[in-house]
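Participant: Assemble the dimeric complex from its two separately framed chains, guided by the hints.
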Amino acid sequence: MILAVDLFYWLIGLLLAGVAIMAARDPSNPRRWSTALFWALYAALYLAGEAMPPVGAGAMMILMALIAGFGGVRAGGHLSLAGAARAASARRLGHWLFLPALVIPFVTIVFSTLLRDVRIDARFLLDPKNLTLVSLGCGAVAALAVACWLTRASPLQGAREARRLIDAIGWALVLPHMLAVLGLLFAEAGVGKAVAHVVTDYINMDSRFVAVAVYCIGMALFTVVMGNGFAAFPVMAGGVGIPVLVHRYGANAALMAAIGMFSAYCGTLMTPMAANFNIVPAALLELPDRNAVIKAQMPTALPLLAANILLLYFLMYQ
Amino acid sequence: MHTAVNLWPLLGVAVIVVGFLLRAHPVLVVVVACAVTGFAAAMDVEHLLGSLGAAFIKTRNLPLIYLLPLAAIGLLERFGLREHAQAGVARIAAATTGRLLIVYLFVREGSAALGLTSLGGQASMVRPLVAPMAEGAAEARYPALSDRMRHRIRAMAAATDNVGLFFGEDIFVAFGAILLMQTILRAEGIEVDPLHMALWGIPTAVSAFIIHAWRLHRLDDAIGRDAIE
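First to last, the protein sequences are chains H and V. Oh and the first sequence: position 99 is 99 in this note's numbering, straight run, nothing missing. Heads up, this note's numbering is the position in the second sequence plus 1000, with the first residue counted as 1.
Only chain V is shown next, with the shape it has when bound in the complex (with noise of 0.2 Å):
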């Protein structure tokens, strides 16, 4: 009964999966897949260029939402703006990379709860003030900070700001993960009132802000074992 279904185009799948492991690079992985992926479906040339063109149009949005913010950030790095912050954070006795990063986990995933989900990002909140002040109260404690803890701060740093986000704008009743999900299940004949889809997402929200804090709690004790070796 399931002979309809072509399993071929998988070999795309398997392409990315062998690439990456491959180490190869991406860009070149993907290209190759999609050509894969084009054959695989019994796409001529044309055809498959047509949909991968429409497909890159189409998707312009997506980047954009990293390059709008570029200038302004990047003269005010110019003028001083990451030093400013890596000063600042330096001057409060209490603060620790760990804290301050569960502090930012909190705000993060309750403002996108609320649905304010751009207030955060990866180039305009994470690369000018959440990872230096990260950087900033860690050196300020362990002057001699190693490289390899540097940027294992800055990446847990980037982590957070996407933890806190993806599990916190699920449980925001407008969101459009909410909607596609109603939209699937009415196509099954399954009425979902939206507002329990958003509350039966709290467990798991609250359990992401466990599991991530207490790792950032942990992060803390690395960073001081690290001075010390």
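Extracted from the complex, chain H is given alone in its bound form (with noise of 0.2 Å):
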């Protein structure tokens, strides 16, 4: 490859370990050195990556959470530009800021299209393993250069721009990443196993209605619990859809699997576990409460879970 995703790794590995020398330079913080260290640790994993051994890593994630856990992870000050200054600067640049912000969905989008199968001298041009990563790492670059021309600022100050959002989220960046490592650990331990025999044992499907519920709503619950639909899908297929829907029942199995993943996904809204969805966005909008986008979402999915039940019950011959 001549774009790989290691090089997107070393360039947020730079990000990271820049807020960390930031954070320490920053007296306003009232705990600068914990959040310092906090961020050069992040940063190690990044710049290291697979050259880490691994029980270094695990020692590092642990350290890590302790820091965030105990209040050890907090924001520095940050020096925007005067509510009027800003108010000029948008009236004359105008109808441009909106330029770069588009850059970024419209290079991801060009290049993971066409350019996914484009090769020189017999090396992909980008990762095909991670090629919407890729192109979307091209699309920032590409978008913080257009910033950077557009707004005559040097990309250092993009930096401490990154600083001010990172600082925003806070702990909360980190969470979704631990959260996926928990997922990995409980495939390990084969908690799946556990909750799928829990399912089957104690629960009489007789009932051609029960049997559909079960299975939708064990799809939601356990997606609940994992914080991931991919997770939920073979313990709950293999547990209810396949031997009670498809062979007990004779259910159609492409409805069976496609209904099984958007119940799922119903749980998915409901569930702190899937962090990248639920809680980074309310501590990126800086709402006060850090379940409320769960909130807004629960009177969306607890009717769409009940719509999939249905769905399946009645098309299931189809």
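Errors might be hidden in some of the hints.
[What the hints assert, rightly or not] Among the chain V residues that face chain H by a calculated CB cut under 7 Å, a handful are: (1) L1011; (2) V1027; (3) V1030; (4) V1031; (5) A1054; (6) F1056; (7) P1069; (8) L1070; (9) A1072; (10) L1119; (11) H1196; (12) I1211.
Worth flagging that the hints you see were computed from the coordinates, not collected in a lab. This structure is a prediction, so every number in the text was calculated from the model and none was measured. Ideal placement from N, C-alpha and C gives every residue a C-beta, glycine not left out.
Facilitator: And the structure:
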């Protein structure tokens, strides 16, 4: 690969290292040393990557969790333009301000569709295993370049602004990452098997409607626990979907699979475990209640789960 | 016949549920759950740390989606992007918060269904554009918007992005979830055409649009009531 995902790991590692240095030099932060240590450790993970021994990375993750868990990660001070200067700049730049913001999705889409198979000297231009991520990285770098050109600001100012946003998100930034680790550990420890065992052993599925409801609700509940529909699907499809719905009641397998995955997504909308969709946005939007996004999604997720049960029940012989 | 299944790792799930109910710090809850799950599965400390570390390294691609756009978005915010988005939407007389978010839901779900999942996103679209516009549309009509309603509008903007993404992407044939389902069914000896799975996702995708759009429509009424109080 010419543009591998590692390139963007290093870039983010450098950014996080910069955040750590800026935090250490910021006397307005009451916990500046622990904050700096937290971001420096995270930077080391991105810069060293696979070269790091797993046991060391595990110990590092625990240390980061302890720093964050006991209030060691705080926001620093930030100099923004005064309201009047910002309003003047918004008037001067006008709709041009939208341009770099739209460069990100535009470049991501063009790269991930048109450049996906491009090779130079038999090497892929873009990492085929991480196509979207590499395209997004190119889009972000291009957007930063356009934004610097437009505003006459330096890339260093871009790093300062990134730090302002990283400070606003705070420890919530690493929560999705740590939850993904927990998900993999759950899989290794056999949590999925244990849940499927409990569900299929204690519920009588002689009624077709009960079987459909157990499948859909189980899919959602399991996703609430694991935070990821991809973890729930193999368990519930293997435990209820295939043996009971398809083999016993003769349901259409494609329909069973599609509605099962959508039921899992209803669970994703309702769980703090899916932190990248539910908790990080609450921090990004500076909401005081970290569960505000989940509360906004509940009244959509629950009726939709009921709709899924009915759709599967009435369409299963199609 | 089920004696081989070890039920002890379920303790890790219990830790998560209790931790979130007690509103303990989520990062600490996750670490305690890791420890409990590992010991319940009879791992020793070194094995557990190794498993955690290997997973921590392997999943470091996850936060990239948020981290990569931050420098460009932050710079644009410094020079007034959010103010400009708010002022722009306030000039459109027909724009209400609900209508604006319904249009965004339609575009997000439709483009995700065509495989264009990156047309959106919480860091690159919702924070700089969608949430300020939704808030600006409400503010243009009701200048004395309460903070409570402001926060609710922002949360709905984030929710709209998620709903559109989740229930759009699954009807795109080449999406990872479809491939995962195909692999798992094949392992059980069932051959399914990915196109059929994508097509059978459409009734749910339509239901999701109707339910969420109806809620967004009602959000406009709630904003109006909030302004009167």
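Participant: If a hint holds in the structure, say so; if it doesn't, say that too.
Facilitator: Evaluation of the provided hints:
{"no.": "1", "hint": "L1011", "verdict": "violated, 10 Å"}
{"no.": "2", "hint": "V1027", "verdict": "holds, 5 Å"}
{"no.": "3", "hint": "V1030", "verdict": "holds, 5 Å"}
{"no.": "4", "hint": "V1031", "verdict": "holds, 4 Å"}
{"no.": "5", "hint": "A1054", "verdict": "holds, 4 Å"}
{"no.": "6", "hint": "F1056", "verdict": "holds, 5 Å"}
{"no.": "7", "hint": "P1069", "verdict": "holds, 5 Å"}
{"no.": "8", "hint": "L1070", "verdict": "holds, 4 Å"}
{"no.": "9", "hint": "A1072", "verdict": "holds, 4 Å"}
{"no.": "10", "hint": "L1119", "verdict": "holds, 5 Å"}
{"no.": "11", "hint": "H1196", "verdict": "holds, 4 Å"}
{"no.": "12", "hint": "I1211", "verdict": "holds, 5 Å"}
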